[in-house]
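Taken in sequence, the protein lines are chains A and B. Here the first sequence is numbered in the working numbering, starting from 434 and rising by one per residue. Here the second sequence is numbered in the working numbering, starting from 288 and rising by one per residue.
Rather than coming from a laboratory, the hints here were simulated on the basis of the structure. Check before you lean on any hint, since a few could be wrong.
Here are the simulated lysine to aspartate or glutamate pairs, EDC-like style, with alpha carbons at most 16 Å apart [stated by the list, open to error]:
1. Lys430/B x Glu474/A
2. Lys430/B x Glu483/A
3. Lys430/B x Asp420/B
4. Lys430/B x Asp480/A
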Amino acid sequence: MERCVILCVGNSDRGDDAVGRTVAALLRDAGAPEIVECPGESGAVLDALEKAGAAIIVDAALSGAPPGTVRRFEIGGDGPPLRLNFGWSSHGLGLAEALGVARALGEMPAVCVLFVIEGESFAPGAPLSEAARAGAAEAARLILRELPSIRRSAAPLFSTGGDMVGRGDLVGPCPQGGKIL
Amino acid sequence: MTSRTISVGALARVEGEGGLEITVRDGVVTSAALTIFEPPRFFEALMRGRAFTEAPDIAARICGICPVAYQMSAVHAIEDALGVAVTGPLRDLRRLLYCGEWIESHMLHVHMLHMPDFLGYAGGVEMARDHCDIVRRGLAIKKVGNEIMTLIGGREIHPINVRVGGFYRAPRKSELRALGERLERALEQALEVVRFVAGFDFPDCARDYVFVSLRHPGEYPFNEGRIVSSRGLDIPAREFEANFEEFHVQRSTALHARMRHGDDPYLVGPLARYALNFERLSPLAQEAAREAGIGSICANPYRSIIVRAVETVYALDEALRIVARYEEPEAPHIAIEPRAGVGFAATEAPRGMLYHRYRLEADGSIAEAVITPPTSQNQGLIEEDLKSLVGAFLHLPEDDLRHRCEQTVRNHDPCISCSTHFLRLDIDRG
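Isolated chain A (complex conformation):
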């Protein structure tokens, strides 16, 4: 079986940006294997994805969707193009740019599922919002449900294009495209 990594991205000191790290804690408690946490620095993301046959990536999002909304994207292999902010600032060399480089270098895992959880507040030192906490729990539940299939097969499992798959107890359309923080 190829290596399957769960990469949880976020900054624990920036409010709901910590939601990826919260998902990591929930998955660890549930016994999920090979969880890597990082603040989103491009080198660390590329390192985590190195030689992985499959990956699940979790991060916060700020798109205007209701806080706590969980969205799922299939971005593995040559998948759909990623919207990059690359070029504005090397301070902004984050997850999307790292995934862009990984794909350009042919190092994107064949199966890569991105879960993003809409945040409410990203203020320095702020605690995780209740909405993001509910989103984290929902994302962890969805990941645990999907993990065995992802580990078994590198074949795409669900539809592509960022379908909304859950938000706490709410399900509804996403109002606009998301920006990965």
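Got chain A sorted already, so can you dock chain B onto it with the hints?
Structure of chain B alone, referenced to chain A:
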């Protein structure tokens, strides 16, 4: 009279947010203005009232690319105020941490920000599709810099292991030795990078720069040295404010800086360090520079990519030297008692000299902090570069001209976020 305005609304591949407006009259560039609109961040005010022990962690937050520089200038200035000096293995560890930051920052700039200009790509991701091996090599070298940062600093961004007087934890000898093989491989790769970038097609130009950097009697400067210039200045850090001043210009939220005696803008950063310290580079780095054909002084700003690659060779060479001779210190830090005082320090951030001054109260709280980042110091000179160099490209189509303007700014790897702190370009051709 014909006139033209060239406007870059969002200057790409620089750090931070700002714009650029260039005015051309009768085929001559008459003005170039960096319009920096990133909001000021008030770090100096944030420091006031905080304990001196908090300064390294607060200062680290000024920049995600060069946090070590901010930490190092802070700890050295505070130690100066408290009358202590860190020596021996702790001093070596500080130099090693700085090596990590230079490797990481220079390889990011060389490969992802500057190299696309020479190979004709919009950005690093686009370039990576056609030049996989080049980008892989650059990222591999950068990774070693990250590893140093993680081992010495506790993590690769915003290190948490630096304190006034030393470190919270000193690494074990075995931990440093484990880096050796990867450093040696990265050094071989960095030499390949010097040879590769030396083959780029560079605009033929030379500027009469006033170079300013640190100079240390026996080392290529990271943490310590006197402030020297190519015009004969030679002062300790405590005389910085007597010789340099920051001032506000309406178009920028970042302060500019100038020398108090003389009107010419001055340059800090790799070109200045290199010109003023060539003989202090390791023999291997000097040899790499000679092979690359840049001599002991490089005044062509477009060739700064070669100098960054040479400095990366030096940083890896120096890291290997430090790792080989490292002996664990008796304690990870020296004991320090608070007292009232004023302290001064300048260290060499990847993009240039960074000055800090702190005034401490008797209880060790910070009463005043002054921070002069390298990009503040270079803003005037970047505008002069644009005025001097862009004239040669005015025949180019608008998009190509805009690209040359951006490249001319990127030559100096400005960190607008640090100095305030993106670039929008407006060229007024009338």
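Structure-based check of each hint:
A distance of roughly 11 Å separates the Cα atoms of lysine 430/B and glutamate 474/A; the hinted pair therefore holds under the 16 Å criterion. For the hint pairing lysine 430/B with glutamate 483/A, the CA-to-CA distance comes to about 13 Å; that is within 16 Å, so the pair holds. At most 16 Å may separate the alpha-carbon atoms for a hinted pair to count; lysine 430/B and aspartate 420/B meet this at roughly 15 Å. Distance restraint check for lysine 430/B and aspartate 480/A: the Cα-Cα separation of roughly 9 Å lies within the 16 Å cut-off, and the hinted pair is therefore satisfied.
Consistency note: the structure conflicts with none of the earlier hints.
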